[in-house]
Amino acid sequence: MQEPTFLILTALAARPLHGYGVIQAVEELSDGDVRLKVSTLYSALDRLAEQGLTEVDHEEAVDGRLRRYYRLSDGGAAALAAQVERLRRHAATAETQLRLRPGLAR
Amino acid sequence: MTGLERRYRRLLLAYPGSYRRRHGDEITTTLLELAEAGGGRPPRRQAWQLLAGGLRQRFRLPARRPLAWLGAVLAAVTLAAFGAAAGSWLASATQAGLPGDDSNLALVTLVAGRDGERAVTRSPSPWAGRDAFATARAGADWTAEPARQRLQALGWHTEPGTVTTIRPLPDDSPLRDALGPVSLPTTTYRFLAERDGLTIQVFGSVREGSADVSVDVWPTATPLRWPLVIAGLLAGALAGWLVAAALAYRLRAAGPARRRAGTALFALGLVVLAAPAEAFFSNLARMWRDHGRMGANFGPEYTVHSALTPGNFYTSGPPWLVLALTVAGASVLVAAIALTLARRAAGQAQVAVAG
Chain A
1 MQEPTFLILT ALAARPLHGY GVIQAVEELS DGDVRLKVST LYSALDRLAE
51 QGLTEVDHEE AVDGRLRRYY RLSDGGAAAL AAQVERLRRH AATAETQLRL
101 RPGLAR
Chain B
1001 MTGLERRYRR LLLAYPGSYR RRHGDEITTT LLELAEAGGG RPPRRQAWQL
1051 LAGGLRQRFR LPARRPLAWL GAVLAAVTLA AFGAAAGSWL ASATQAGLPG
1101 DDSNLALVTL VAGRDGERAV TRSPSPWAGR DAFATARAGA DWTAEPARQR
1151 LQALGWHTEP GTVTTIRPLP DDSPLRDALG PVSLPTTTYR FLAERDGLTI
1201 QVFGSVREGS ADVSVDVWPT ATPLRWPLVI AGLLAGALAG WLVAAALAYR
1251 LRAAGPARRR AGTALFALGL VVLAAPAEAF FSNLARMWRD HGRMGANFGP
1301 EYTVHSALTP GNFYTSGPPW LVLALTVAGA SVLVAAIALT LARRAAGQAQ
1351 VAVAG
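If you read the sequences in order, they're chains A and B.
With my numbering, letter number 19 in the first sequence gets 19, and the count goes up by one each step, no holes.
With my numbering, letter number 115 in the second sequence gets 1115, and the count goes up by one each step, no holes.
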């Protein structure tokens, strides 16, 4: 799973968000490191919906503009949980390996 | 609609229509919200990003649809062959036309050096470009040099050519039984000449008491043919992929019956076009193999599109097989596209009625 995908799923985990909301949430989650392009965001949302990981939550019109909110599907939550577990395992392995490094203060 | 919104909507035209209908409004909202928050990217950079995103979307295929991938690859390969054929045809259309029968007969009379029995034939080839072949009976004292000089006097640039003499085998030769009797010594002359975008091959066969000469005329190979064939190949592959991608998305959104019918028709079209595509590719391979060796292989150059010329490209089947399969396959593909688009129009009509 690529980083933008991971961050989009993470952003949608807590609550449904519309496009601009996802961009803001991803920026906050990554401490400003990842600023999603609009084209990247919608391409990712489309792909995630095709894979059944996200779905449309609801739509609303604000000042005559359409806002479509997306939420994480059950499948998406499972995929995100699996990815979190994988990252946790990798992080733990990396820590162990670092501790084995000779000359490193313990 | 503000100027900014209009600008965004114009940029979104880079996206496929179905994608624009699905996401166009919300993307515009997001872009406007970003701009209002002061977080919009510099306009030019954002424009490029939207254009690139739109193009990428046009190439995308629905996720988890292995058949869509297979269809897109096969459509790209098939249409690449047709694109190469179109490029090859375009290149040949820029070449000089073949002279008429009267001109060919006049030319072979000039080469023969006298009036006499003459004939002209044209046998279009499914492998190579057009040519015209004229033969004439000449005097027994015919040689290449005077013919070459007569052609040069009319502005033809001639090449040195070859002279080969075949002598009868001695009576005691062990090869006589294998090769059969060669009763008369024969000398053959061959040379090329060029003028006004036409190349001719002069061939003379002189035996005791008689000589036969022939002139084969064909358009000189144009340096445009490779660029045009390669451009056609790439454009065809691109078109095949884009059409398959657009169909895949539309068929995915269609009802199951339409989806099955559209997929079956598209697959059938590709199957029918497989033989013509194979014929074009094998002519392309001939063209490539022969590339730069025209001097060694006298005759019109190989052309991709000539596979459509009626002939025995495939030894089994009627002479017009490749042409007929092309027309049939293209019709089926057009029907598959029409069926997919008709579904969309009907869907829109229903929405309009419901609205």
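Some hints here could point you the wrong way.
[Unchecked claim] Footprint (simulated), chain A over chain B, 3 or more residues, beta carbon under 8 Å:
1. 1025-1034
2. 1152-1166
3. 1284-1290
[Unchecked claim] Going by beta-carbon spacing under 10 Å, a handful of chain A positions derived as facing chain B:
4. Q24
5. T40
6. Y42
7. S43
8. R47
9. L48
10. Q51
11. R67
12. R68
13. V84
14. L87
FYI, nobody ran anything at the bench for these hints, they're computed from the structure.
Virtual Cβ for every residue (Gly too), placed ideally from N, Cα, C.
* To do: List, from low to high, the hint numbers that the structure doesn't satisfy.
  => 2, 3, 13, 14
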